[in-house]
Amino acid sequence: MRRLCALTLLLAVACAPLAAAPLHVDKVAPGVYVHIGQHKDVDDGYNGDIANIGFIVGDDAVAVIDTGGSYATGMALKEALRTVTQLPIRYVINTHGHPDHVFGNAAFVRADGAGQAPQLIGHARLPRALALRRDGYLRNLKKQLGDGAEKSDLIAPTLTVQDRLTLDLGHRTLELTAWPDAHTDTDVTVFDSATGTLWTGDLLFIDRTPAVDGNVNGWLAATRQLKQLPAAMVVPGHGPVTRDKNLALDRQAAYLSTLVRDVREGIRRGDDMTATMTTAAASERGRWQLFDAVNRRNVNLLYPRLEWE
Amino acid sequence: MLAASACPIAATAQAVADPWPALQTSLFPGKKLEPAPFIHVTAPTRAASGDQVPFAFAIDHPMTANNYIKSVTLLVDANPVPLAAVFHFAPESGKAEISTRIRFDTDSPVHVVAESSDGKLYVTAVTVKASGGCGGSVSGDDPAVMAAAGKMKMALGAPLRVGAINKARLLIRHPMYTGLQRNLTTNGFRPAYFIQKVAVSYNGKPVMVADTSIGISENPTLEFGFVPDGPGALTAVLEDNTGATYRQSIDVGG
Numbered sequence: 027m028r029r030l031c032a033l034t035l036l037l038a039v040a041c042a043p044l045a046a047a048p049l050h051v052d053k054v055a056p057g058v059y060v061h062i063g064q065h066k067d068v069d070d071g072y073n074g075d076i077a078n079i080g081f082i083v084g085d086d087a088v089a090v091i092d093t094g095g096s097y098a099t100g101m102a103l104k105e106a107l108r109t110v111t112q113l114p115i116r117y118v119i120n121t122h123g124h125p126d127h128v129f130g131n132a133a134f135v136r137a138d139g140a141g142q143a144p145q146l147i148g149h150a151r152l153p154r155a156l157a158l159r160r161d162g163y164l165r166n167l168k169k170q171l172g173d174g175a176e177k178s179d180l181i182a183p184t185l186t187v188q189d190r191l192t193l194d195l196g197h198r199t200l201e202l203t204a205w206p207d208a209h210t211d212t213d214v215t216v217f218d219s220a221t222g223t224l225w226t227g228d229l230l231f232i233d234r235t236p237a238v239d240g241n242v243n244g245w246l247a248a249t250r251q252l253k254q255l256p257a258a259m260v261v262p263g264h265g266p267v268t269r270d271k272n273l274a275l276d277r278q279a280a281y282l283s284t285l286v287r288d289v290r291e292g293i294r295r296g297d298d299m300t301a302t303m304t305t306a307a308a309s310e311r312g313r314w315q316l317f318d319a320v321n322r323r324n325v326n327l328l329y330p331r332l333e334w335e
Numbered sequence: 159m160l161a162a163s164a165c166p167i168a169a170t171a172q173a174v175a176d177p178w179p180a181l182q183t184s185l186f187p188g189k190k191l192e193p194a195p196f197i198h199v200t201a202p203t204r205a206a207s208g209d210q211v212p213f214a215f216a217i218d219h220p221m222t223a224n225n226y227i228k229s230v231t232l233l234v235d236a237n238p239v240p241l242a243a244v245f246h247f248a249p250e251s252g253k254a255e256i257s258t259r260i261r262f263d264t265d266s267p268v269h270v271v272a273e274s275s276d277g278k279l280y281v282t283a284v285t286v287k288a289s290g291g292c293g294g295s296v297s298g299d300d301p302a303v304m305a306a307a308g309k310m311k312m313a314l315g316a317p318l319r320v321g322a323i324n325k326a327r328l329l330i331r332h333p334m335y336t337g338l339q340r341n342l343t344t345n346g347f348r349p350a351y352f353i354q355k356v357a358v359s360y361n362g363k364p365v366m367v368a369d370t371s372i373g374i375s376e377n378p379t380l381e382f383g384f385v386p387d388g389p390g391a392l393t394a395v396l397e398d399n400t401g402a403t404y405r406q407s408i409d410v411g412g
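Those protein sequence lines, which keep their order, are chains X and B. Here the first sequence is numbered in the numbering used here, starting from 27 and rising by one per residue. Here the second sequence is numbered in the numbering used here, starting from 159 and rising by one per residue.
Any given hint might turn out to be false.
In silico DSSO-like pairs for lysine-lysine, Cα to Cα no more than 30 Å straight-line [said to hold, decoys possible]:
#	chain 1	residue 1	chain 2	residue 2
1	X	LYS66	X	LYS168
2	B	LYS355	B	LYS253
3	B	LYS287	X	LYS66
4	B	LYS287	X	LYS177
5	B	LYS287	X	LYS168
6	B	LYS189	B	LYS309
7	B	LYS287	X	LYS169
What the hints contain is simulated information worked out from the structure, not anything from laboratory work. All values derive from a computational prediction rather than experimental measurement.
In isolation and in its complexed conformation, chain X is listed as follows:
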């Protein structure tokens, strides 16, 4: 009998799915755990671990907020979660559809242990956005991560947010808000009323240069609205957790409005896109990380759009 037990134990260890080293998470408030992603560019040393991801623990269940840029990152987040609690993961929330936030969904599609598989939750437009970008995102990920992309997949939400949604974790509710076209057209924020913690997803970048995709004017409008929300603490999509939400939002608004103004000015002067890439928002350069790469991409996206204003 003892031998059998030893054998079972051995097998269990050998067969344990991906004994990934748990991600480092910080407890930023009671029951609120965040892993801070690294500021690496997607074209330079990308490792699938650049976004802030984490989880919130209630009395009955856990909600994961964003899953990272690969299956491996998602698994490592799950390992970290399991060092904190054995409660079931009831919800996996995607704050938007960008690959650095969603590819880890694949690590959460099945229930670990007893209970049901988690519900995947995202913006009402997220299923369509993921379907449209699926092939390109997968191909890019393989190019960026090679074998590290293994098992990563874009898994669409099973429950979507049109406007607002309240989730119950047991004596703890999360308020989800779906936003109009801003950083992307699939932005969702999460507010934990127990601690006053607001997860903005990529509606807020701190330190890392904000990356434009959706609608810059919509993003500026969302930035203004976010300033009105009460929040004791904010977890941004990239960069450190802050208690000074409005300072961070103001900095982001300064970058975005400077960028738009300078691209318009470049077009008006007759500067071409390449020239505008080096001049637009140059005054903001010292304030942001990865500025050169991200700002060029932003101009590349905005210039052709603003030409037709």
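Given the coordinates of chain X, assemble chain B onto it according to the supplied hints.
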């Protein structure tokens, strides 16, 4: 984070053979292509977005009545449709010179092949790194996109100078659907819909004609030169692959 470059084509093999020898054989059979340092190319080594990659060439070559560059072929080797455009020039162009934006499905060499009026072929190549952007995510509002297709803005960069090379810029509103982008409702592909010809003339004489394909970015832009013999009308006529035509004319220097 991560800029949006959706590549609607299914993932293809990573390492493929160099497509250039076969392209050269099929497009320029039996011809010798002479390396040409006088073809100057401006392109990023690493593009910020594969959807809209700024690309320009300028060819230092006489443009006289009996010795000029008559056409320039632009090939993005690794694209599903490598032939992005063929530009046709005349002595009235002043210089075989174009600035535009093109699509890259993946990292690729670009070959610029110029043919002179005596039939000689010249070539130069550059390589551009671009993260999968072979056509954008096409999430735009279809009816609005279709209604705007064919709209143009054309302007000179500076007041007209008679007898000298003047630069004109033509902006075209058009989705340039590749035929390789997914249509989510049918689960098939959105049909190709693109500008296939841009013909610009000055006072009735052609100065730049481009046979364009899906390798040209959405909302195409073309900057080109022309030498006016006096004040007159610069006219652009577009033709798309459904046969629809669009025309715009501006009076300059009058």
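Hint check results:
no., hint, verdict
1, LYS66/X <-> LYS168/X, "holds, 17 Å"
2, LYS355/B <-> LYS253/B, "holds, 20 Å"
3, LYS287/B <-> LYS66/X, "holds, 18 Å"
4, LYS287/B <-> LYS177/X, "holds, 26 Å"
5, LYS287/B <-> LYS168/X, "holds, 16 Å"
6, LYS189/B <-> LYS309/B, "violated, 39 Å"
7, LYS287/B <-> LYS169/X, "holds, 12 Å"
In the structure shown, a violation is registered for the earlier hint numbered 6 alone.
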